[in-house]
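Residues per chain are reported as follows:
There are 4 protein chains.
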Amino acid sequence: MAKNINIGMIGYGFMARTHSNAHRKVNNFFDLEYRPVLKTVCGLVEAEAKAFADKWGYESYTTDWKKVVEDKNIDLIEICVPNNMHAQIALAAANAGKMIICEKPLALNVAQAKEMVDAVEKAKVANLVSFNYRRVPAVTLAKQLIDQGRLGRIFHYRANFLQDWTISTDVPQGGMATWRLDVKAAGSGVTGDLLAHCIDTAIWQNGSIKCVNAMTETFIKERKNVETGKVEPVGIDDACTFFCRFDNGSLGNFESTRYARGHKALYTFEINGEKASIRWDLHDLHRLQYFDHRDEGIIRGWRSIHVSDGDQPYMKKWWVPGLQIGYEHSFVHQIADFLEGLATGKPARPTFRDALETQKVCEAVLTSAKTSQWVNIPS
Amino acid sequence: MAKNINIGMIGYGFMARTHSNAHRKVNNFFDLEYRPVLKTVCGLVEAEAKAFADKWGYESYTTDWKKVVEDKNIDLIEICVPNNMHAQIALAAANAGKMIICEKPLALNVAQAKEMVDAVEKAKVANLVSFNYRRVPAVTLAKQLIDQGRLGRIFHYRANFLQDWTISTDVPQGGMATWRLDVKAAGSGVTGDLLAHCIDTAIWQNGSIKCVNAMTETFIKERKNVETGKVEPVGIDDACTFFCRFDNGSLGNFESTRYARGHKALYTFEINGEKASIRWDLHDLHRLQYFDHRDEGIIRGWRSIHVSDGDQPYMKKWWVPGLQIGYEHSFVHQIADFLEGLATGKPARPTFRDALETQKVCEAVLTSAKTSQWVNIPS
Amino acid sequence: MAKNINIGMIGYGFMARTHSNAHRKVNNFFDLEYRPVLKTVCGLVEAEAKAFADKWGYESYTTDWKKVVEDKNIDLIEICVPNNMHAQIALAAANAGKMIICEKPLALNVAQAKEMVDAVEKAKVANLVSFNYRRVPAVTLAKQLIDQGRLGRIFHYRANFLQDWTISTDVPQGGMATWRLDVKAAGSGVTGDLLAHCIDTAIWQNGSIKCVNAMTETFIKERKNVETGKVEPVGIDDACTFFCRFDNGSLGNFESTRYARGHKALYTFEINGEKASIRWDLHDLHRLQYFDHRDEGIIRGWRSIHVSDGDQPYMKKWWVPGLQIGYEHSFVHQIADFLEGLATGKPARPTFRDALETQKVCEAVLTSAKTSQWVNIPS
Amino acid sequence: MAKNINIGMIGYGFMARTHSNAHRKVNNFFDLEYRPVLKTVCGLVEAEAKAFADKWGYESYTTDWKKVVEDKNIDLIEICVPNNMHAQIALAAANAGKMIICEKPLALNVAQAKEMVDAVEKAKVANLVSFNYRRVPAVTLAKQLIDQGRLGRIFHYRANFLQDWTISTDVPQGGMATWRLDVKAAGSGVTGDLLAHCIDTAIWQNGSIKCVNAMTETFIKERKNVETGKVEPVGIDDACTFFCRFDNGSLGNFESTRYARGHKALYTFEINGEKASIRWDLHDLHRLQYFDHRDEGIIRGWRSIHVSDGDQPYMKKWWVPGLQIGYEHSFVHQIADFLEGLATGKPARPTFRDALETQKVCEAVLTSAKTSQWVNIPS
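Those sequence lines, one after another, are chains B, P, V and H. The first sequence runs 6 to 384 under our numbering. The second sequence runs 6 to 384 under our numbering. The third sequence runs 6 to 384 under our numbering. The fourth sequence runs 6 to 384 under our numbering.
These are computed hints drawn from the structure, not numbers from a lab. Warning: the hint list may mix true and false statements.
Since the list gives no way to pick out one identical chain from another, each pair is judged satisfied if it fits inside one copy or across any two copies.
Straight-line C-alpha distance at most 30 Å; calculated DSS-like pairs for lysine-lysine [said to hold, decoys possible]:
1) Lys129 to Lys77
2) Lys269 to Lys280
3) Lys229 to Lys321
4) Lys55 to Lys322
5) Lys60 to Lys322
6) Lys189 to Lys321
7) Lys189 to Lys229
8) Lys229 to Lys280
9) Lys226 to Lys375
10) Lys148 to Lys119
11) Lys71 to Lys189
12) Lys351 to Lys60
13) Lys280 to Lys71
14) Lys77 to Lys60
15) Lys280 to Lys226
16) Lys72 to Lys119
17) Lys215 to Lys280
18) Lys280 to Lys148
19) Lys235 to Lys280
20) Lys8 to Lys189
21) Lys229 to Lys322
22) Lys226 to Lys148
23) Lys55 to Lys321
24) Lys55 to Lys280
25) Lys365 to Lys71
26) Lys71 to Lys129
27) Lys269 to Lys322
Using the sequences plus the hints, can you model the full thing?
Structure, rendered in structure tokens:
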């Protein structure tokens, strides 16, 4: 019989749903030594916490996250709250000896992130940051192809994360639904929210980034704050573009915005190697585009790989070839790998330490944009 | 609190997984008066039935489907077994006053199907046939656009269902994994398995079919039967093409095969109306292609609609715009609609009676292929 | 120095433009022993014939095609007029010992076509029917891949030719611009105009067709005739669907219509072989889709081949990789091959005899639709 | 009758072919007051100049460009030679009172470009720089949509020009075929060759660029020079990325490389406006992607516009809807517009003065890459 892992979920918003769903499904599809049990959920408004608990089958609910962290029955703390709450919860959870899965970005800044890394490493608790897109099967397949050396020397890495949901001046900042536009809660705009995903994937696939040069812009300068009821300056970056150099000599070009009309959540990357290239985009997440120069000349072309076969990452666990899975499955894969890591002693990644590297790049990007200078990533 | 609906699952194969998953998820995402409870699962091999029960959280398991049908604690019988078992289980379940959800095609032939319709209607039990593709959001959206009259007079309906998994002569017939190639278990080949889906959707979207003209082929004439261990003639249709006339005056063209190299499960349809056209394919199931002639001329073109917004069918229940769902969600929608139908008294469709119409077309198609003649669909 | 071939162009409409353009360009791009010279153009209305001659650099013009055919200075007669004029001009030209390039379809019916074949073969004059799509580089590449045996045993051939320009009841029949809707001038509707292309390509790529079963429809029953000024019955087929069996055992499915809203000229074909499949469509004519099952499993997918490299058919003659050519170039390739055939004594195809086979299939298709029966193609 | 414009073509390479073809075709398709006459062609190697003259129908040939410039019978000088020759030929031609069409980039640097502008303006001769991509119909349509205000406030402009033809170390520098890799002949690498196109289109569509920040790289440091026979340092930029700010407040992101495996000539741009967005790519040049937020929500999506209708730019001159044209046609449109400009007195653009602005941006980009600083574009 599988061993139970009791979950204490901090947050009941969008990310709490994706994680709860993953916990509920993972053992139906993966053969694992461990089984998550939805023990308690915590959130600010009691009625909503209760409703969430009912909906997802949590055994209890509370409005005090400290109680959850201190609860001896809880094995794993899930941090699914705004970014400015990550550090304090994580530090307390580590001190209490709990395993932690933290939503991205890890922290508001590098200083906080370092403290968090120190805490979990000192406490020797299993820890993971939820950069879920690594575990979309097509993205994992891309990583495999790179690791197999199929691309040869890498020349270019290009990633975009384009959205369009904040173009209207009517979108407010602050509050439950729009804290991502409030710099106090979010720390930054697209850099921490969207580029952090791109950077995590890029470092994982292509190695460390050496230096960055960035430009940011805030197109709409003032928005109503739903907490204060007042129109206040917008402190986040609405858009951020940067180029960079990787340690392996390749060039990077990254861009994110929430003002790209027509793109709901278009995360794309493309990697150009000497021998082969890869492309992917989140709007058709089950497909990987692959070009191999070693293919015979007259029939050479970009292949559209429908990643749904049993020999492709994670797909043997699901349905049959041709039948696609969706966004939520990346979270199922994440918890499956995390639990597998507990069993094997080979932790799933990115750990807090891995995520610290992404945090450093994000901070360097914001510094570069502010100073109009190249900025090196500290090691 | 939601009222429990106790599920008796007959079968533990691929379809039993999709249905079990739907039952487990539906109340996490939909607000419903009823809640399915995974009570018991039934299958031929006890160890496998037990393993399935463990994996999915069924409270018990058995190898005798009659016990499940007779069990007073069971409210709803799920028929997820080969086609030649549908009728007897459905008749017994109806007689026992159980609700029934039956996998498609409803029966081996029209005669059986009629008996089943009579039984559920006499017993007045809720009944549904699992033509799940109706409930892919993009397909449901297509239906809405048609019902709103956006297409105007319909000229053409075109559907294909193309696979390539039986091209090798090494694929056997019979047994658990390949009963679809055994005419005794399946009744027919692609006609009942794949074209039935196309026909169900077509009738739903475009109204009744008046007459058909078909051609079938069995490319590989003999295959080993895994049950008998002998090489035996193949009795199913490997491929089937038919054209037809709909009651509304439009022309239909349908094709299905398991010999279309490169297509894993490419179900596509296209509808050409006087004012607008629609296209869809299962390999990118979250997209709907839409062309509207009323668009201004210089910017007229096929629109690729990424069906993931809250105002599109079912999508408000899931994530945020741009984040796609997959194949399995069509089954969640199916059970959600079924349960909603129980609550409102407006039954979800297709009912057994609806599916009888599809059965009639399938039978006419096979008759036409055999006789090389046009065949009318009896009313 | 290249030897001159003096061209007598019969017709000054759309096809006369494509052919004239091809004659003017061919020697700029191809190294050939022969060079077409635009000698004279013939058409009904003198002013228009003159304007055409001025525009394209013809040395003279006339309104009497018989003069052209009898002119001793003319080497090659181009027949670019409505279908009901093909036979008489071709017979006269053959009798006068002229080479002939005839627009498709060859004739109004098989009887006429046979006479024309006899005439050119008796006269031993070079002859070609302008099924130009064979010479789109991607289509020619498809043929090469098939001839190299890459697809293995063929199971399916599928072709569509979809247009939408006659949906309005305001489109008339007859006259210069809309003779294709007048059965007297055109002989048939989509069958001769569009399916003839599909059938020509199919036979070329996949061998002879054994028998056909067809359905036709005329959606708009009456249209104004611009010649008589009266509303008259429409005698052509607006839409035609047929399936068939090829000599090689594969199944064919063909459809054409002028009522497919959203498709201007969407000629597509797909061939499914045991080992590989091919797809093409005219709306992106420079691309060939290719799936090869022998590709390694995890990176298998449809390749989108941008047919613009020097080692792909005809492309060395044009620009550089990545830069596409268009529709008109298929006619340049046609005349290049025709002239090359004169030089080598290995005639370019399809000859009149080749086109007779397509004519037989077209006629069988129309007969089948009329009789609601399978019809065999006579040898 | 059309008035003749006598052409003196300097160069017989790739660009000389595209221009010669345009001259030969333009009056067949466009109704114009002027008609180009291919008078003389000039190139370094006499035999090749003669062969070119024969192939294209030039009346004469020479190896001395000064003779062409001084020839009283010549009206228009076409400069289709390496970049380091542009200035001297253009200055001489202007002094001789000739009209000039010059291949891009205008010059090696801003200083040269200014001299050239001064010369043509002083001489009052018609002048044009061959940024041909402006005149691909889909690109021209994009410009129209922008000018009509359909996009609203612009937030982002993104352009890439990706190639892969210099990845091998075997590709040499210098000489006829590979002068683009020799910094002495080309002035720069991808910046002047490819980004110049992107910048020209961007300024035309989105207005002036205020400041730039760039990174360049030379991946292969040494290549054999085919002129000297020695391995020499590579002086050009193999890749260049820059971001920028436009005068209208929008952000730009540009990238070009010849090391993007899988892309032969992938010039793409995307413009994100408040109300609508536009995308285009050269590999499918006849399509424009358009997203309009004002479309009704449930049927909103990117439209794939097949730019081949008569009401779309230039297309009335060619074939019928659905039939695409190719790369070479952009040059036909260019000369058509140039000749039209002569007739109307409203010069076609970009003139030398327009191209000077692009030259300034290119120079600023190279300076920025060298200094690692933002660089303002001088007015």
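Each hint, compared with the structure:
1. Lys129 to Lys77: Cα proximity of Lys129 and Lys77: one copy only (17 Å, versus 52 Å across).
2. Lys269 to Lys280: between (32 Å within a copy, 14 Å between copies)
3. Lys229 to Lys321: between (48 Å within a copy, 26 Å between copies)
4. Lys55 to Lys322: For Lys55 and Lys322, the Cα distance is within 30 Å only across copies (19 Å; inside one copy 33 Å).
5. Lys60 to Lys322: both (26 Å within a copy, 13 Å between copies)
6. Lys189 to Lys321: For Lys189 and Lys321, only the inter-copy Cα distance (29 Å) is at most 30 Å; the intra-copy one is 43 Å.
7. Lys189 to Lys229: within (14 Å within a copy, 57 Å between copies)
8. Lys229 to Lys280: between (51 Å within a copy, 22 Å between copies)
9. Lys226 to Lys375: within (16 Å within a copy, 34 Å between copies)
10. Lys148 to Lys119: within (27 Å within a copy, 50 Å between copies)
11. Lys71 to Lys189: Intra 22 Å, inter 63 Å, cutoff 30 Å: intra-copy only.
12. Lys351 to Lys60: between (34 Å within a copy, 25 Å between copies)
13. Lys280 to Lys71: Neither: 53 Å inside a copy, 46 Å across copies.
14. Lys77 to Lys60: both (24 Å within a copy, 28 Å between copies)
15. Lys280 to Lys226: Answer is between; shortest inter-copy Cα gap is 19 Å, intra-copy 45 Å.
16. Lys72 to Lys119: within (25 Å within a copy, 61 Å between copies)
17. Lys215 to Lys280: Within. Shortest intra-copy distance 24 Å satisfies the 30 Å Cα cut-off; inter-copy 38 Å does not.
18. Lys280 to Lys148: both (15 Å within a copy, 28 Å between copies)
19. Lys235 to Lys280: between (56 Å within a copy, 27 Å between copies)
20. Lys8 to Lys189: For Lys8 and Lys189, neither the intra-copy (40 Å) nor the inter-copy (44 Å) Cα distance is at most 30 Å.
21. Lys229 to Lys322: Only across copies: Lys229 and Lys322 sit 28 Å apart there, 46 Å inside one copy, limit 30 Å.
22. Lys226 to Lys148: For Lys226 and Lys148, the Cα distance is within 30 Å only across copies (29 Å; inside one copy 39 Å).
23. Lys55 to Lys321: between (36 Å within a copy, 21 Å between copies)
24. Lys55 to Lys280: Neither: 55 Å inside a chain and 41 Å across chains, both beyond 30 Å.
25. Lys365 to Lys71: within (29 Å within a copy, 60 Å between copies)
26. Lys71 to Lys129: within (20 Å within a copy, 54 Å between copies)
27. Lys269 to Lys322: Classified as both: same-chain Cα gap 29 Å, cross-chain 17 Å, threshold 30 Å.
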